[in-house]
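Asker: Each chain, letter by letter, is given below.
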Amino acid sequence: MSRYLVDKAGRRLVFLAALVAILILLLIALFTFKEGLPAFLKIGFVKFIFGTKWSVAGGEFGILPFILASIYVTLGALLLSVPLGVSCAIFLAEVAPHRAREIVRPTVELLVGIPSVVYGLVGMLVVVPRMGDSLLAAIIVLTVMVLPTIISISEDSLRAVPHGYKEGALALGATHWQAIWHVMLPQARSGIATAVILGMGRAIGETMAMIMVIGNSIIIPTSPLSPARTLTGTLAMELGYASPGSLHWSALFATGVVLFILILALNSIAFIQRREGEG
Amino acid sequence: MEPKIETKSLSFYYGVKQALRNVTLAIKEHQITALIGPSGCGKSTFLRCLNRMNETIPKTRMEGEVLLDGKNIYSPGEDMVEVRKRVGMVFQQPNPFPKSIFGNVIFGPTMLGINHKARLEGIAERSLRAAALWDEVKDDWKKKSGVSLSGGQQQRLCIARVLAVNPEVILMDEPCSALDPLATLKIEELMQQLKMQYTIVVVTHNMQQAARVSDWTGFFLMGEMVEYGPTKVIFTNPQDRRTEDYITGRFG
Amino acid sequence: MRARVTQKLAFGITWAAGIITVLVLVYIIGYVIATGWRAITPDFLFRPPSEGGISTAIVGTIYIVVLTIAIATPLGIGAAIYLTEYATENWITRLVRYGIETLAGVPSIVFGLFGFALFALSLLGTRCLLAGALTLACLVLPTMIRASEEAIKAVPVSIREASLALGATRWQTIRHAVMPAALPGVMTAIILSIGRTVEETACLYVAMGINPLNMPISPLSGGTTLSLHLYYLAMEVPFTIEPMFMEKAMGTGVVLILIIIIINSLTHWISSRYAARMIR
Chain L
1 MSRYLVDKAG
11 RRLVFLAALV
21 AILILLLIAL
31 FTFKEGLPAF
41 LKIGFVKFIF
51 GTKWSVAGGE
61 FGILPFILAS
71 IYVTLGALLL
81 SVPLGVSCAI
91 FLAEVAPHRA
101 REIVRPTVEL
111 LVGIPSVVYG
121 LVGMLVVVPR
131 MGDSLLAAII
141 VLTVMVLPTI
151 ISISEDSLRA
161 VPHGYKEGAL
171 ALGATHWQAI
181 WHVMLPQARS
191 GIATAVILGM
201 GRAIGETMAM
211 IMVIGNSIII
221 PTSPLSPART
231 LTGTLAMELG
241 YASPGSLHWS
251 ALFATGVVLF
261 ILILALNSIA
271 FIQRREGEG
Chain A
1 MEPKIETKSL
11 SFYYGVKQAL
21 RNVTLAIKEH
31 QITALIGPSG
41 CGKSTFLRCL
51 NRMNETIPKT
61 RMEGEVLLDG
71 KNIYSPGEDM
81 VEVRKRVGMV
91 FQQPNPFPKS
101 IFGNVIFGPT
111 MLGINHKARL
121 EGIAERSLRA
131 AALWDEVKDD
141 WKKKSGVSLS
151 GGQQQRLCIA
161 RVLAVNPEVI
171 LMDEPCSALD
181 PLATLKIEEL
191 MQQLKMQYTI
201 VVVTHNMQQA
211 ARVSDWTGFF
221 LMGEMVEYGP
231 TKVIFTNPQD
241 RRTEDYITGR
251 FG
Chain B
1 MRARVTQKLA
11 FGITWAAGII
21 TVLVLVYIIG
31 YVIATGWRAI
41 TPDFLFRPPS
51 EGGISTAIVG
61 TIYIVVLTIA
71 IATPLGIGAA
81 IYLTEYATEN
91 WITRLVRYGI
101 ETLAGVPSIV
111 FGLFGFALFA
121 LSLLGTRCLL
131 AGALTLACLV
141 LPTMIRASEE
151 AIKAVPVSIR
161 EASLALGATR
171 WQTIRHAVMP
181 AALPGVMTAI
191 ILSIGRTVEE
201 TACLYVAMGI
211 NPLNMPISPL
221 SGGTTLSLHL
231 YYLAMEVPFT
241 IEPMFMEKAM
251 GTGVVLILII
261 IIINSLTHWI
271 SSRYAARMIR
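Residue numbers (the working numbering), protein chains in the order written: chain L, 1 to 279; chain A, 1 to 252; chain B, 1 to 280.
Keep in mind the hints are simulated off the structure, nothing from the lab. You may find that some hints are simply not true.
[To be verified] Here are the simulated distance ranges between beta carbons: (1) TYR74(A) x LEU5(L): 17 to 25 angstroms; (2) ALA16(B) x LEU182(A): 54 to 62 angstroms; (3) GLU29(A) x GLY164(L): 48 to 56 angstroms.
[As the list claims (entries may be wrong)] Coverage of chain L stretches by chain B, computed from C-beta distances (three or more under 8 angstroms per stretch; other residues unrestricted): (4) 10-23; (5) 78-88; (6) 198-208.
Even glycine gets a Cβ: it sits at the ideal position worked out from N, Cα and C.
With these hints in hand, go ahead and build the complete structure from the sequences.
Answerer: And the structure:
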């Protein structure tokens, strides 16, 4: 009967659809590696990563300034957003009365949805006039962008802590805060770690907002007020100008490879973290 | 008289755990057979073997035969989907689809390939009448969602849904345990009417219900079928000690 | 006692954190609206940038959303169906899940890189809307899959059992019983993906480029979207061509924020309205 043919066909179709996800990932990896390989070979892996000069005209391509800028901005943003975010998560999970929660939770959701260019724009008009296009400006903007991720995942982890732990502590005479600090937070530790790692991923990957406030100078940043350029910024700004097949082109793809690997490493750590947390 | 549906040396395993031990049972046509026993004794597992529903659960194994009109329903050539049409099932928790009442009832026939509108409407009305639900829903059966009915009505809707595919055997897995006494009574009356056309096997943990409603009763204990016979006999003069203990409430 | 004092202090800090978060959002949205609302005139919305408006961006955004969703939805829902209904615990399934999780973490600029090289240059020969949409579909796929998976998983097992017991095949059960029940959740998945598409900038910037004046007619033409246009106004347009670029950028921002708010509300509305439907 044709019902059975449809059954078989349907099963095959959805299987193919599921394979697409792996396919895309493979393609991305293959393509970026393929285009980036000439740069790695010609410039040398170590010289590429640790080289301090990036000059299109001069044909020299070292990405250390970008790596440093990305790292500084990410660490700075985490330094600010993790305490703030975890505190807010505690607020939402344990402290806030119903009314307050009804206001703050949708706020966090809305913050996630605001396009990065809007954040960049506000940063340009509000933060930059006070401190110039700089690492610090980028850190402030990035903090706000990463905050919702930290808050929502941390809140979920806190909520996932079994009631029994908290109640056990309270029954022993602990105050609410003591229960949170000594029992719940340690329990939620791996979930919060996941939040931080995912936030890190978001921060390293952020592009447009960074371009708008960080100044984009190709220098090794020495102070929080100096301008800089991130890995992502370089890619966005120069891909349009590079001629396909040139060393410049390949260097850009090689930069993409570095980014890709960085993010992959982060995600794997987060994945392992989560697995261990659940075990 | 040939049994309508019977099992021969049926054993069933969930992984390494054996849930049914060598059950041989012959169910008679146009009768209501009740399966009773304490929780976990395997009666629901047994029921699900009769319409190949256990195959939806992974890591299970079955030994023995299940014969419908003399033919083993598990033999390789048999159409599993066809078996389920002939042996219908009503579940413990009423589970209407989030569709209209009409949509619920015609689901089975539609899946089997019938799509002539008038024919479907005819089938649906017949089934709803047979399930004693027609009068209550006939005014807005095409608009009203099946989920918005009361518990008892939902269960009758599920029965109508099964009737619509024209089964020969109807399996009921504790059909009244989620219902109030009045709804339960209605379903029990319905069962009496239905047995004239169909063969009914009902699993119940309510002994009084089994005694009230059924013609034959089988008592299950720890995967074994301990005793099987006419209901009157089982309840007034059980042969096995364990049956007697259960009936008189000494355990379970 | 000391513990109580500590608690008061600690709770005070968490309250402050909550308030700061809300204030930040209010400030950002307030700032954008306050600086941008004046730019929102019918001329602004319906005229192209050559005449000081953003009509090309609005049309471009709609175009991109439609194309992207058209590509990503069947793939995403299909994958979700496979994962919930057919997949067993074997290496392929684990690989698929790994692929989806990893893809979800890839930054959009890397998608842009990939899309530019593969779709724009190799496949289509030019940066265009279609290249952007294909790239964006790859980016949005994990979101679509995850959200659809949740929607399908939420359908109770009893629905599947009822359908199978009536003699339906596996595929019939999925198509006629499970999917209709999962519909609200799947709609949420689609709307979430639309939201993601609208806010996306980096990957489109690279894979599609900005063509602010072009009113897109075919998928192979260039164009721009609202978020790309905002970037363009803030960073690239020469002062001589558009002296009011900051106000216009803010105006574009207002439109974007409005869209996001509408999308968020839609998601909530669907969830709450249909959650009641499934309760028994």
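Asker: All hints, please: hold or fail.
Answerer: Hints and how they fare:
no.: 1; hint: TYR74(A) x LEU5(L): 17 to 25 angstroms; in the structure: holds (24 angstroms)
no.: 2; hint: ALA16(B) x LEU182(A): 54 to 62 angstroms; in the structure: holds (58 angstroms)
no.: 3; hint: GLU29(A) x GLY164(L): 48 to 56 angstroms; in the structure: holds (54 angstroms)
no.: 4; hint: 10-23; in the structure: holds (count 12)
no.: 5; hint: 78-88; in the structure: holds (count 4)
no.: 6; hint: 198-208; in the structure: holds (count 7)
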